[in-house]
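There are 2 protein chains.
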Amino acid sequence: MDFAFYTPSTLTSEEADRLDRVHGALTAATRALADAQLRTQVELDEAEAVTAEVERLTERLLTRAQEGSLGTELGPRENEIRNQGNAVLGLRNPFAAFSEERRTIDDEGRVVYDVELGALYEGPPGLVHGGVSAMLLDQLLGEATARAGGPGMTGRLTVHYRRPTPLGKLRFRGWSESIQGRKSIAKGDVLDPDGNVTVEAEGLFILPSWALEHPSWTDRKSSFE
Amino acid sequence: MDFAFYTPSTLTSEEADRLDRVHGALTAATRALADAQLRTQVELDEAEAVTAEVERLTERLLTRAQEGSLGTELGPRENEIRNQGNAVLGLRNPFAAFSEERRTIDDEGRVVYDVELGALYEGPPGLVHGGVSAMLLDQLLGEATARAGGPGMTGRLTVHYRRPTPLGKLRFRGWSESIQGRKSIAKGDVLDPDGNVTVEAEGLFILPSWALEHPSWTDRKSSFE
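Residue numbers (my numbering), protein chains in the order written: chain C, 3 to 227; chain E, 3 to 227.
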């Protein structure tokens with residue numbers, strides 16, 4: 003992981019614990035609401051009444067809110083990166099399908115996320131949207147290469163769809179294949195409950211020139227050039 | 003577009019209009035709530051109180067709800083495909099970044115979606131998650147090839163990240179490049195507000211053998227073989 007891009011959080015560990023517990027619960031509740039509103043068949047009057055309630059809650063939350071996106075901070079806890087808005091992994095993002103709590107490292111050193119993708123992730127009827135698989139694999143391959151010490155920006159992502167990916171429980175696996183200077187390659191796949199590989203992906207990760215110009219990289223440039 | 007996979011809706015046009023208006027408003031409200039809960043800085047007591055309210059609304063919506071995902075139906079209106087759960091384009095999916103209302107066809111026949119991606123779509127600080135761009139391009143390229151008469155399942159998606167994609171207003175463009183029997187190729191890109199191409203993608207679309215075995219394809223097999 004490269005921490006140089008990120009500003010340190012001013013939170014204490016205790017404050018971070020409490021914030022994360024409360025915000026994690028709010029995010030989980032919002033995710034459940036999103037799923038329910040997608041599938042609901044209540045009378046339209048009731049749907050309209052709920053809509054008005056949702057709008058009121060939004061107003062309450064916006065009485066004090068950050069402008070723009072959350073960005074990324076270094077947290078107070080060991081090796082903690084607080085990218086809580088991240089679209090795939092963020093603790094505060096109800097769209098995020100991955101959760102750090104469900105991440106493991108398997109016997110071969112692969113990064114593994116076990117997920118359950120429901121109705122919100124559908125593409126073809128009953129199947130995971132191909133774009134969702136691509137999105138999750140992009141995050142996973144970037145993490146796998148970063149853990150192995152490789153640079154972390156995706157340069158190219160190639161996704162092969164081998165067979166349909168059913169909604170439900172799935173396993174995403176990612177691993178670093180090679181690292182050479184400013185470039186690295188990571189691979190990954192998706193397994194359905196029967197252990198079939200439904201999707202495979204390869205990512206080329208690079209340290210782009212615009213990132214090299216960032217002050218935080220100045221000292222490390224030589225090791226990537 | 004191939005309609006053969008989908009079951010016809012039993013709705014009348016009037017019922018569909020009313021449903022879509024009410025459900026569209028509920029979805030928009032949920033999307034706004036998701037954005038607000040990501041960025042809120044209200045006191046934690048208030049965040050907890052809102053969480054409890056959100057949970058109550060979810061319960062109300064689940065008193066009557068479809069089991070599983072929404073799937074896809076043929077709608078009562080002309081050429082209408084009701085894939086309202088679709089993760090990228092679904093009218094009832096609060097995660098969906100594309101909206102059919104914001105789709106245009108440009109002078110060169112490209113399918114264009116103008117979007118505004120906010121804090122919910124973040125990857126690196128201030129930037130669109132690379133996986134989000136990949137996800138949206140997968141949907142767009144599939145649509146472009148389907149409009150041109152090509153088969154619609156992604157076989158391979160390759161995404162090239164040319165420069166950082168800032169959060170905010172963006173233009174996604176997709177077009178059919180070639181169609182040959184059971185295979186077709188579509189391309190697309192992402193433009194930032196200055197007109198720079200930040201991401202390019204190429205998709206290979208195929209009619210997979212498992213789809214060929216589907217009864218609805220039996221009559222059309224010969225035209226793809």
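The set of hints was computed from the structure by calculation and includes no laboratory data. Among these hints, one or two may not hold up.
Same chains, same label: a pair holds when it works inside one copy or across any pair of copies.
Capping the alpha-carbon separation at 25 angstroms, the derived lysine to any residue pairs in SDA-like fashion look like this [said to hold, decoys possible]:
hint, residue 1, residue 2
1, 185, 195
2, 189, 57
3, 185, 148
4, 189, 19
5, 189, 67
6, 171, 151
7, 189, 164
8, 171, 105
9, 171, 12
10, 185, 117
11, 171, 57
12, 189, 70
13, 185, 204
14, 189, 24
15, 189, 9
16, 185, 166
Tested hints:
no.	hint	verdict
1	185 x 195	neither (34 angstroms within a copy, 29 angstroms between copies)
2	189 x 57	neither (42 angstroms within a copy, 39 angstroms between copies)
3	185 x 148	within (11 angstroms within a copy, 35 angstroms between copies)
4	189 x 19	neither (33 angstroms within a copy, 45 angstroms between copies)
5	189 x 67	neither (38 angstroms within a copy, 39 angstroms between copies)
6	171 x 151	neither (30 angstroms within a copy, 33 angstroms between copies)
7	189 x 164	both (15 angstroms within a copy, 20 angstroms between copies)
8	171 x 105	within (14 angstroms within a copy, 33 angstroms between copies)
9	171 x 12	neither (38 angstroms within a copy, 31 angstroms between copies)
10	185 x 117	neither (29 angstroms within a copy, 31 angstroms between copies)
11	171 x 57	between (32 angstroms within a copy, 24 angstroms between copies)
12	189 x 70	neither (33 angstroms within a copy, 31 angstroms between copies)
13	185 x 204	both (13 angstroms within a copy, 22 angstroms between copies)
14	189 x 24	neither (35 angstroms within a copy, 43 angstroms between copies)
15	189 x 9	neither (30 angstroms within a copy, 38 angstroms between copies)
16	185 x 166	between (31 angstroms within a copy, 17 angstroms between copies)
The structure fails hints 1, 2, 4, 5, 6, 9, 10, 12, 14, 15 (numbered hints given earlier, in ascending order).
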